[in-house]
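Peer 1: Using the sequences and the hints, build the whole thing.
Chains A and B, in that order, give the protein sequences. The opening residue of the first sequence carries number 1 in the numbering used here; numbering runs sequentially from there. The opening residue of the second sequence carries number 1 in the numbering used here; numbering runs sequentially from there.
Among the clues, some could well be false.
Which copy? The list can't say, so a pair holds if one copy fits it or any two copies do.
Capping the alpha-carbon separation at 30 Å, the derived lysine-lysine pairs in DSSO-like fashion look like this [said to hold, decoys possible]:
hint : residue 1 : residue 2
1    : 438       : 10
2    : 176       : 10
3    : 130       : 522
4    : 522       : 255
5    : 475       : 139
6    : 255       : 10
These are computed hints drawn from the structure, not numbers from a lab.
In case you want the letters, here they are:
There are 2 protein chains.
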Amino acid sequence: MISLDMTLHKNDANFQPLTPLQFLERAASIYPDRTAIVHGTERVSYRDFYRRSRQLASALTKRGLGAGDIVSFLAPNGPPMLEAHYGVPMSGAILNTINTRLDAETIAYIIEHGSSRVLVADRELSPTVKDALGMLRDKPLVIDIDDPLGSGGEFLGECSYEALRSEGDDDFEWLKPADEWDPISVNYTSGTTGRPKGVVFNHRGATLLSMGNVLSWNMPAHPVYLWTLPMFHANGWAFPWSISIQAGTHVCLRKVEPKAIHDAIRAHGVSHMCGAPIVMRMIVDACTSFGPVSEERIEIATAAAPPPAATIGAMEEAGFRVTHLYGLTETYGPAVVNAWHEEWDALTLDERASQKARQGVRYPVLEQLMVADPESLTPVPPDGETMGEVMFRGNVVMMGYLNDPDATARAFSGGWFHSGDLAVTHPDGYIELRDRSKDIIISGGENISSIEIEGVLYQHPDVSEASVVARPDEKWGESPCAFVTLRPDASGVGSAEIIEFCRERMAHFKAPRTVVFGELPKTSTGKVQKFLLRDRAREL
Amino acid sequence: MISLDMTLHKNDANFQPLTPLQFLERAASIYPDRTAIVHGTERVSYRDFYRRSRQLASALTKRGLGAGDIVSFLAPNGPPMLEAHYGVPMSGAILNTINTRLDAETIAYIIEHGSSRVLVADRELSPTVKDALGMLRDKPLVIDIDDPLGSGGEFLGECSYEALRSEGDDDFEWLKPADEWDPISVNYTSGTTGRPKGVVFNHRGATLLSMGNVLSWNMPAHPVYLWTLPMFHANGWAFPWSISIQAGTHVCLRKVEPKAIHDAIRAHGVSHMCGAPIVMRMIVDACTSFGPVSEERIEIATAAAPPPAATIGAMEEAGFRVTHLYGLTETYGPAVVNAWHEEWDALTLDERASQKARQGVRYPVLEQLMVADPESLTPVPPDGETMGEVMFRGNVVMMGYLNDPDATARAFSGGWFHSGDLAVTHPDGYIELRDRSKDIIISGGENISSIEIEGVLYQHPDVSEASVVARPDEKWGESPCAFVTLRPDASGVGSAEIIEFCRERMAHFKAPRTVVFGELPKTSTGKVQKFLLRDRAREL
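Peer 2: Written out as structure tokens, the structure reads:
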């Protein structure tokens with residue numbers, strides 16, 4: 001036996017706290033002249049990206065901000081948001097990016113809950129910001145982002161973002177975290193019900209997920225990354241940090257629209273992007289209207305909902321390769337990837353789509369993933385049928401919910417993060433989501449996945465959107481009730497035909513018993529508000 | 001100010017010790033049928049690689065081994081060496097791979113110094129092993145690797161490696177490290193003088209360097225990696241673990257010879273390999289004799305000496321891209337990379353070679369790298385001329401030297417790892433080695449880099465090998481003395497012509513004043529033994 005304790009201790013030479021901030025320092029030292037950011041006609045080199053971030057950190061420090069302070073940003077994607085991902089934590093403070101689509105009351109709640117000391121907000125959002133500020137007793141320091149690409153708005157703050165930044169020294173020696181367990185950011189989840197919860201990330205997890213993105217996506221040197229994903233979503237899935245590892249270029253879009261996406265891809269040689277299925281639909285539409293976007297293959301990662309076969313097919317034809325990711329804000333964004341098998345290339349489009357619809361396997365930086373009984377923590381059998389809750393364990397799981405020990409304890413019950421998502425494990429170990437716990441329909445003692453029914457509904461050529469919830473049923477307890485939006489060009493399809501369509505494609509007990517046509521209620525981030533649909537179903 | 005301490009603590013859900021062992025578990029769960037190892041006609045799937053590693057871990061556990069115990073392997077590259085990189089630490093024990101070219105006395109010293117409990121050795125090395133065992137009072141458990149591709153040898157052990165492994169359970173629940181700071185391996189450096197020192201790696205550093213290799217080299221999914229680098233060198237630069245991240249294939253070679261390399265590349269579609277310049281020369285020779293190896297570009301990473309222009313040119317013509325890495329056993333292998341700039345592609349071969357000869361910049365997983373005065377720790381100016389010592393700081397720096405607190409303290413003086421390598425920093429921040437501290441020549445108060453002179457000597461068409469040391473000089477203190485091996489087909493070139501050749505290409509005071517022709521003395525790993533040349537130079 002050897003005794004290691006005496007001589008092999010940690011010291012500055014062999015132990016440094018992990019932090020994604022050093023990726024920018026490194027990129028700027030190796031590739032100072034490379035373009036880090038494209039925003040309209042503006043080009044920011046890595047030298048300047050790093051300089052500006054240090055300036056911001058210095059300015060915040062001079063204003064008295066530091067460890068434990070929260071700095072909120074409320075802005076569309078653009079250089080200030082990217083600088084915030086480095087500059088705020090470089091001052092020791094914690095970054096809080098707020099969803100720009102939220103209402104004033106929720107924004108005020110978030111600022112109050114986290115005791116934000118600073119709110120940096122885009123002028124364009126001034127009407128909402130003004131209302132939010134009106135609701136606050138303790139007002140933060142307000143700073144205006146005055147983006148020339150914006151459409152104006154009131155100046156509400158003490159000064160502009162550029163003026164704040166220029167208070168700082170551009171050779172500021174930025175603060176490394178004292179401990180890699182120190183928080184780097186707090187992201188409020190936009191739950192479909194209840195108050196948002198503040199999900200806290202730390203430097204360790206952010207570093208590992210940043211590397212995990214590059215590793216899982218096989219991202220080569222110098223990617224050109226188009227920002228169709230909002231950075232206020234789980235810190236843009238850590239991509240503000242990932243891109244620095246490979247010294248890539250961030251192409252910003254203030255507004256995510258088909259023409260703008262199309263133009264950006266063509267103008268800047270975009271190689272990578274992320275987006276929900278809605279973004280893919282925009283791309284396909286743009287290709288129809290404006291022609292093909294690129295001769296090189298473009299990688300697109302999607303999450304939030306499995307990409308439908310038709311979209312995958314159209315995307316492939318347009319020169320994209322679709323990678324399906326899965327995660328939650330609580331897992332720093334994506335922590336699960338539909339790792340592709342070469343032999344699946346030979347499958348038909350429908351078969352490929354059904355392989356790709358599965359959420360998949362853990363990132364190399366996620367230590368454990370399982371679908372299990374939430375009480376006993378026993379994994380479900382890998383039969384592709386038995387449902388359980390998706391559970392995560394590892395370094396890319398949040399620290400917890402800010403100032404909410406009860407919710408934190410519940411989320412981490414039994415030493416696993418309980419996602420609230422229901423899934424099955426397939427025989428090959430890939431997991432596939434079936435539902436949110438609260439969205440499952442229990443009919444005659446059988447669990448019915450609303451997602452499964454929605455998947456069938458989406459196969460119907462006249463269906464544009466679909467959402468299924470439980471409707472109280474005297475005989476069965478609950479029965480599936482489908483809310484459906486038809487395509488504008490749909491021929492007059494009726495409930496009976498939709499139900500029949502489903503019965504032909506799935507077990508009869510799973511098919512909807514009720515179909516309601518109309519628009520679906522949604523949150524500011526575009527999530528369907530199932531709790532409102534459940535209310536409606538109850539009243540039918 | 002928020003108080004995070006009460007609720008946001010570490011728990012099993014959000015904090016797990018980093019370990020590269022989980023990469024194999026993950027690869028086996030996602031790609032169980034993919035070929036992990038090719039060895040002669042043997043093919044090992046990821047399922048079996050993982051199973052065998054757990055079996056080995058279980059067998060060691062049953063034999064009473066665990067935390068703090070050292071298990072030594074003395075074998076050429078092959079499945080047992082790969083399994084050892086997982087199976088030994090999966091039992092909680094520490095892996096010690098020993099250089100197969102060492103003499104019996106040094107092997108005995110290493111086993112004794114680390115108190116190895118087990119020695120797993122290839123039959124082919126039995127003559128040396130027998131001698132080594134004869135020198136030991138406390139003998140370890142000896143196990144024979146009986147590789148059908150080997151050339152026989154005595155059985156010295158209690159049983160064969162396969163028999164040992166089969167004592168274990170193949171569904172053994174392997175032990176995760178209690179702490180990521182726990183040691184995973186100890187690698188004895190083969191210094192050119194003195195006793196070897198045991199460099200201790202831990203799970204944290206091994207995990208990060210494994211990811212760093214993939215990130216720095218932009219290694220895509222499923223690389224086919226040819227083992228021309230011995231795994232006993234700093235755990236094969238962490239590639240036994242890196243390859244699992246991307247679920248690649250290890251192609252093993254017992255003997256590194258031109259024909260074997262050529263055949264392996266052609267037969268298995270090799271995409272990546274590492275090797276010293278000598279390996280590149282073998283490849284170039286093999287292409288001359290046996291034709292081109294591949295139509296796809298092959299990535300080769302090289303270290304130990306800057307690749308000469310002629311070799312880079314020949315390699316490029318043969319379809320290889322050469323990446324220059326730098327590191328020491330103390331930095332887990334490579335921690336510095338000559339990160340390429342696209343604009344350098346347009347340079348002439350000589351210009352490209354001189355860019356590529358520079359060691360470069362830090363890996364994304366190395367926190368800090370500098371060339372500095374070893375006393376004051378002041379970085380040298382980035383002028384490409386002022387020499388200083390290369391210093392490392394970060395998580396891929398060793399824990400220290402096993403049971404050698406004085407050497408550890410010296411190596412970490414001032415909170416930086418002192419490499420003993422002398423270098424300059426270029427204006428673009430890239431570092432370039434000039435010499436080992438002890439190899440520098442001080443002539444008339446000027447520092448002369450022996451590497452710089454060697455670089456010029458290698459440009460001479462008749463020079464096959466060159467090594468320059470200091471010769472005592474009454475007037476100048478020291479003067480450069482060159483030891484040169486001429487090519488077999490060299491025309492009778494003499495000292496005066498060699499000196500003149502150098503004077504035409506460098507400052508006159510740097511040119512060698514003495515040239516001695518003949519073979520160069522080398523260590524078992526092929527390093528030139530400059531201390532012997534210095535003795536000879538003193539006696540001239």
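Peer 1: Decide, hint by hint, whether the structure agrees.
Peer 2: Okay, the hints, checked on the actual structure:
1. In the homo-oligomer, the alpha carbons of residue 438 and residue 10 lie at most 30 Å apart only across protomers (28 Å), although the nearest pairing inside one protomer, at 46 Å, exceeds that limit.
2. With identical chains, the CA atoms of residue 176 and residue 10 are at most 30 Å apart both within one copy (17 Å) and between copies (20 Å).
3. Only within a single protomer do residue 130 and residue 522 lie at most 30 Å apart by alpha-carbon distance; the minimum there is 24 Å, versus 76 Å between protomers.
4. For a Cα distance limit of 30 Å, the shortest separation of residue 522 from residue 255 inside one copy, 19 Å, qualifies, whereas the shortest one across copies, 65 Å, does not.
5. For the identical chains of this complex, residue 475 and residue 139 are neighbours neither inside a copy (55 Å) nor across copies (77 Å), given an alpha-carbon limit of 30 Å.
6. For the homomeric pair residue 255 and residue 10, neither the shortest alpha-carbon distance inside one copy (48 Å) nor that between copies (39 Å) is at most 30 Å.
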